[in-house]
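Peer 1: Residue numbers (the working numbering), protein chains in the order written: chain A, 236 to 485; chain B, 1117 to 1313; chain C, 838 to 1190.
Accuracy of the hints is not assured; some may be wrong.
Pairs of lysine-lysine residues, derived as DSSO-like cross-links and limited to a Cα-Cα distance of at most 30 Å, are as follows [claimed, not checked]:
(1) Lys1145(B) - Lys1112(C)
(2) Lys1066(C) - Lys1052(C)
(3) Lys464(A) - Lys435(A)
(4) Lys1052(C) - Lys435(A)
(5) Lys1047(C) - Lys966(C)
(6) Lys1137(C) - Lys435(A)
(7) Lys464(A) - Lys477(A)
(8) Lys1031(C) - Lys1052(C)
(9) Lys242(A) - Lys1066(C)
(10) Lys237(A) - Lys435(A)
(11) Lys1145(B) - Lys1052(C)
(12) Lys244(A) - Lys1047(C)
(13) Lys477(A) - Lys424(A)
(14) Lys1072(C) - Lys1039(C)
(15) Lys1047(C) - Lys1072(C)
(16) Lys479(A) - Lys435(A)
(17) Lys1278(B) - Lys1047(C)
(18) Lys244(A) - Lys1052(C)
(19) Lys1039(C) - Lys242(A)
(20) Lys858(C) - Lys842(C)
(21) Lys1278(B) - Lys885(C)
(22) Lys1047(C) - Lys242(A)
(23) Lys244(A) - Lys1066(C)
(24) Lys858(C) - Lys1072(C)
(25) Lys1039(C) - Lys237(A)
(26) Lys1072(C) - Lys966(C)
(27) Lys1112(C) - Lys1188(C)
(28) Lys424(A) - Lys1066(C)
(29) Lys479(A) - Lys424(A)
(30) Lys424(A) - Lys242(A)
(31) Lys244(A) - Lys424(A)
(32) Lys858(C) - Lys1185(C)
(33) Lys1145(B) - Lys1072(C)
(34) Lys858(C) - Lys435(A)
(35) Lys1112(C) - Lys966(C)
(36) Lys1145(B) - Lys1278(B)
(37) Lys464(A) - Lys479(A)
(38) Lys1031(C) - Lys244(A)
(39) Lys842(C) - Lys1285(B)
(40) Lys1052(C) - Lys1039(C)
Derived from the structure by calculation, the hints contain no laboratory data. Given the structure is predicted, the values throughout are model-derived calculations rather than measurements.
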Amino acid sequence: MKPVFSKPKALNDAVMHYCPGCGHGVVHRLVGEALDHFDILDRTVGVAPVGCAVLMYDYFNCDIIEAPHGRPPAVATGMKRSRPDLIIFAYQGDGDLASIGLAEIVHAANRGENVTVIFVNNTVYGMTGGQMAPTTLLGQQTTTSPYGRNLNTDGYPIRMAEMLATLEGTSYVARHAIDTPANILRARKSIFRAFEMQVKDMGFSFVELLTTCPTNWGMSSRESIRRIKEELIPYFPLGVFKEKEVADYI
Amino acid sequence: MYYDVFISGFGGQGILLAGQLLAEAAMEKGLEVTFFPSYGVEMRGGTARCTVILSDEAIGSPIVDSPLCIIAMNQPSLLRYQESLPEGGLFIVNSSLARLEDVQRDDILVRAVPISELAIELGNARLANMVALGAFAQCSGTLAPEEIVAALESVISARNRKLIPLNEKAILEGARYAREMPVFQMHEVEKRDGQTY
Amino acid sequence: MSSGKRILVKGNDAIGMGAIKAGCRFYFGYPITPQNEIPEFMSRELPKIGGEFVQAESELASINMVLGASALGVRSMTSSSSPGISLMQEGLSYMAGQELPAVVINVVRCGPGLGGIAASQGDYFQAVKGGGHGDYHLIVLAPASVQEMYDHTILAFDLADRYRNPAMVLADAILGQMQEPIVEREEEVQEPRKPWALTGAKGRPARHIKSLLLKEGELESHNRLLQEKYREVQKHEIRYNELEVEDAELVVAAFGTSARIARTAVSKARSEGLKVGLFRPVTLFPFPGERLRVLSARVKNFLVVEMNTGQMVEDVRLNVSGDASVFFYGRPGGAIPTPMEVYERIVKHYKEQ
C-alpha cells in the first residue's frame, strides 16, 4: 500500500504535551518537514527556549539544548561560530524572544548570524499560566492584565518581524499565521526558505508564526483560530518583510 | 638583592615605558621582576606612576608603600611621594620640572638631574624617560646603563626601531650626568619661603 | 619550570596566551575594566589561528555563547570583571546544571555596585559559594602571579573538561595589570574526547543537554550526582602552597594578591625571629580545609588577610580546630593592605598568644 501521509522523520512518536488546539504541534511539524526536505536532520542542533516549547527535545529526532530564558540567539551564536558546518535553529516564544531576550535576538540578527529563528507568537505567556506578553494585544485580558492591556501603563504590542526587518544584518524575515490550510502552507514555504537560507550560508533568517493558545485565551480551539484572523492579523500583518538575494558577507 | 622604585610623572612623559624597559632589562639580566602600573579611569592626561621591583629571589608583594627609590619627573610627584621614601632612600628629581627647594626631607639622598633639559639638548623632550633611567641605573647601582640599553629592542615597537640609537644615547647621557654631577646636599638648598605652586 | 625563554607579560595577556595554548579557539566577551586586555588580545590573536572572537551585546549573551559553543564540545571561554560576572550567574548555574565545561575569568574589581576599578577580593563568596541559583559549585583557581595567570588558565580548561563543570580563574585588577616574566609551556595540551557533545545525530540517537528535570525524583538524583562529582573534585584537586609553616606559631592564610603581600610581611617577621608561616589556598573550591585542620592541631593562631571585609576567613574558621584563634585583617573597596600593615598585625597577634 502506498502511504499518502506520514510523520516527518525529524519528529518521533512521543505524544506531545501541548494543549488541544495549540499551534506548537503544527509548527513543530513544519520545522520537521524542513529538516527532512533539506536532509539536514543529522547535522542539526536545535535550541529550546524557556516556555511551553522547552520540552521540544522530547519530540525532535535531532540534538537539542535547552537555553536559559531569552538566550537562545546567544546560545545559537556560540554554536554556529564554533561549528559552522552544523545547522542551528532556535525556537522561541513571545516572552522568551520579545521580552527577556530582546537584546539577544536583536544583536544576533544585527550581526547577521547564519542561524534560523522560529518565533511562535501567541500573544501570551503559556507555560507560566497566561500572563501578559510583549505581544499581548491592547485590551486583551491576561492574568496580569485583568482589565485588558492598557497602552498607558503597558505600552503597545511589539511587532518583532517588522523591527528585525529594519536591521541590515537580517537576510530573511517573514510572518505567517497558523490558522487556515492556506496560511499554514505559506508558513511552511517560509520555514523551508529560512532553513534554505542557512544551508546556503545566506545569513540570519527569522519566521514569526501567529498561533493559538486556547487555554490561556479562554477559548475553544475553533474560537481561537477565528481570533487569529479577526484580531491578530489586523495588528500583525502577514508576509515576507525581507528577503536578500545574495549574502552580504563572507 | 632586592630593590624597588616608583617612577612618577605626567601622563605622556613615557613613565610606563620607562618602567617596562627597566623591568625588561632586569629580567634579561636574570632577575625576578614585577612591574605594576597605576591606572585611572581617564584615557589621557593625569598622573602616571609605576612600581618596578627587582630581586634575585621570588618577589612577594607587588604593591610597595615605601620604595627604596623614587624618580619624580615633575613637581606634583615630588610633592606627593617624597614622604614615601624610607630613611636613606634615593630621590631622583627631574630638576627641570620640579623644585628642589620643596624637598622637605633631610634624611634621604637627593639626586637632582635636569632630565627634561638634557632630553631637549639631545633633540627631543620625549627622551626624558630614557635620561631618567640612565640616571637611575647610575645612582642605584642595580643595573649597568648598558644593560638597560640592551633591553631597548624588546620594548620599543618595530615601528619605532629607528629611534633605538637615540634612546640609547639618552640613557647613556643620563648615566653620564649622574656620574659626573656633584653630590647634592640638602642643607645647601636655599628655601624660598612663601612660594607655592 | 621548563627551560623556555622568559618573557615579560601583562597578567591579562598571560590569560589570553594560556587560553590559546589550552586549545581555546572561541572567545565571547563584553568590555569592562580592568580586564579589557583579554578581549583585545583574543580579538587580535584568534583570527590568526582560525578561531572566532565575538564581542557580545552583554555578559548575559557572552556566557550563553560560551554555553552554546561548549555544548558542541569545543573549548571556549569568556572573561569579565565583577559587575559583568554578576550578570553571568544565570548562565553559570545553567552550565553547572547541564554539566557543561567552560572557563570564566574574573579579574575582580571593587564593589558593591559599580564600585571602582581597583583590585579587590570581594567576589570570593560569589565564586566559591555558588553565585547563581541552586546547589552547585564552580571549580575556582586563585593565581598569585602572572605565571600562574597563564598556568591556571590552562589548568582551568583541563579541570573543566575533566569534571564537565565550569571553572573560574579568580584574579584581580593587580594581577591583571601587572607584568612579570613568564615561561610558556612547551608540551602540547591534550583535549579529552567529549562523547556527550552535541554534534548532530549522525548514526546515533539524538542527544539532549538540559537542566529541566520534571520527572518525580529525577532532579534530586541529578543533584546527588552533582554533589558526588564535587566530592571527587575535593578528593583529587585540592592545591595549596605553604611557606615556613613547619615550626610556625602563627600562620597567615591568604589567597591571590593578598598572599603575595602577606609573603613579604611573613619574610619580615621571620627575619626578626618570629616563627610565622604562610598558607595559601591555590584552589578556593575545592578549599584546602583538611590541610588547615591538620595544621591547627599544632598551630593555634591564624591571621587571615584579604582584600575584602572577611570572606575566606569563614572557611578558615570552619576548618581549624575549635581551640585555634582566627584573626582577620582586610581592606575593602579597592584599598590594598600593605606589607607593613600585615606585619604589624602579625606582631600584634603573635604577642597575644
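Peer 1: Does lysine 424(A) lie within 30 Å of lysine 244(A) when you go C-alpha to C-alpha?
Peer 2: Holds, because 18 Å separates the two Cα atoms, which is no more than 30 Å.
Peer 1: Going straight from one Cα to the other, do lysine 1039(C) and lysine 242(A) come out at no more than 30 Å?
Peer 2: The given pair, whose Cα atoms are some 20 Å apart, holds under the 30 Å limit.
Peer 1: What's the verdict on lysine 842(C) and lysine 1285(B), does the C-alpha distance respect the 30 Å limit or exceed it?
Peer 2: With Cα atoms ~28 Å apart, lysine 842(C) and lysine 1285(B) stay inside 30 Å; holds.
Peer 1: Please work out if lysine 1047(C) and lysine 1072(C) have their alpha carbons no farther apart than 30 Å.
Peer 2: holds, 27 Å
Peer 1: Please work out if lysine 1145(B) and lysine 1112(C) have their alpha carbons no farther apart than 30 Å.
Peer 2: Violated: lysine 1145(B) and lysine 1112(C) sit about 34 Å apart, past 30 Å.
Peer 1: Need the status of pair lysine 1039(C), lysine 237(A): alpha-carbon distance at most 30 Å?
Peer 2: holds, 28 Å
Peer 1: Holds or violated: lysine 1145(B) with lysine 1278(B), Cα cutoff 30 Å?
Peer 2: Measuring from Cα to Cα gives roughly 24 Å; hence the hint holds.
Peer 1: For the pair supplied as a hint, lysine 1145(B) and lysine 1072(C), is the alpha-carbon distance within the 30 Å limit?
Peer 2: At roughly 42 Å apart (the allowed maximum being 30 Å), lysine 1072(C) and lysine 1145(B) break the hint.
Peer 1: Given the hint that lysine 479(A) pairs with lysine 435(A), does the C-alpha gap stay at or below 30 Å?
Peer 2: The hint holds at about 12 Å.
Peer 1: Would the hint linking lysine 1066(C) and lysine 1052(C) be met if the CA-CA limit is 30 Å?
Peer 2: holds, 22 Å
Peer 1: Hint check: lysine 858(C) vs lysine 1185(C), CA-CA at most 30 Å. Holds or violated?
Peer 2: violated, 46 Å
Peer 1: For a C-alpha distance cap of 30 Å, please report whether lysine 1278(B) and lysine 1047(C) respect it.
Peer 2: violated, 59 Å
Violated hints, in rising order: 1, 3, 4, 6, 9, 10, 11, 14, 17, 23, 28, 32, 33, 34, 35; the structure is consistent with all others.
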